[in-house]
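> Sequence:
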Amino acid sequence: MRGLIEGLQNPHQLLTILPGLYGEDDFAARLTGVFDDALAPIVSTLDNFPAYLDPELAPEDFVELLGSWVAAFTDPRVPAERQRLLVAAAVDLHRLRGAASALRETLRLACGVDAEVTESGGTSWSAQAQSAPPGSDVPRLVVRVPVGADEAVVRRIVEALRPANLPARIEVKEVGNDPVQ
19 MRGLIEGLQN
29 PHQLLTILPG
39 LYGEDDFAAR
49 LTGVFDDALA
59 PIVSTLDNFP
69 AYLDPELAPE
79 DFVELLGSWV
89 AAFTDPRVPA
99 ERQRLLVAAA
109 VDLHRLRGAA
119 SALRETLRLA
129 CGVDAEVTES
139 GGTSWSAQAQ
149 SAPPGSDVPR
159 LVVRVPVGAD
169 EAVVRRIVEA
179 LRPANLPARI
189 EVKEVGNDPV
199 Q
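Take 19 as the starting number for the sequence shown in the working numbering and just add one per residue.
What follows is a list of derived Cβ distance ranges for each label pair:
1) GLY130 with PRO181: 20 to 28 Å
2) ASP79 with TRP143: 46 to 54 Å
3) ALA186 with VAL165: 12 to 20 Å
Hint data in this document are derived by calculation from the structure and do not stem from the laboratory. Note that beta-carbon positions come from the ideal geometry of N, C-alpha and C, so glycine has one too.
Please construct the entire structure, taking both the sequences and the accompanying hints into account.
Structure representation (structure tokens):
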């Protein structure tokens, strides 16, 4: 916690801005010293405020709050360094929300896996009326992740980011093989 840093000094000592008469008074020196100790973490935080707004530089306990400002995906099981990546990419991911690419990128940032996302539907254009649409009539979303991915985090991401009308299925696959499960 920033308020408990040993030896943190207020760079603007209160005693130095008081009239010189108070500089000789021991009580005034001790009293302003107490205020300096109380103000030091506040002054330090304000001096470094731009760093608090950068997910790569912000203190670990501030990253979650910063993520809530940009509605980033958060999960306590996601390591801190990956959480920083998710917060940094949150705005770009919101622009892609509902698309397979956003789901793939969120899984890559949160879990470090290259997921395969398959949707059942599609769009096309045809000069012939009543041509068959691409994909399947049954709406579905299939997400394939390699073995070793945190399945609880993957499931939470898929549930949070999938379109509401698509049921989702998660498959765990061996690298280079067909799905195992």
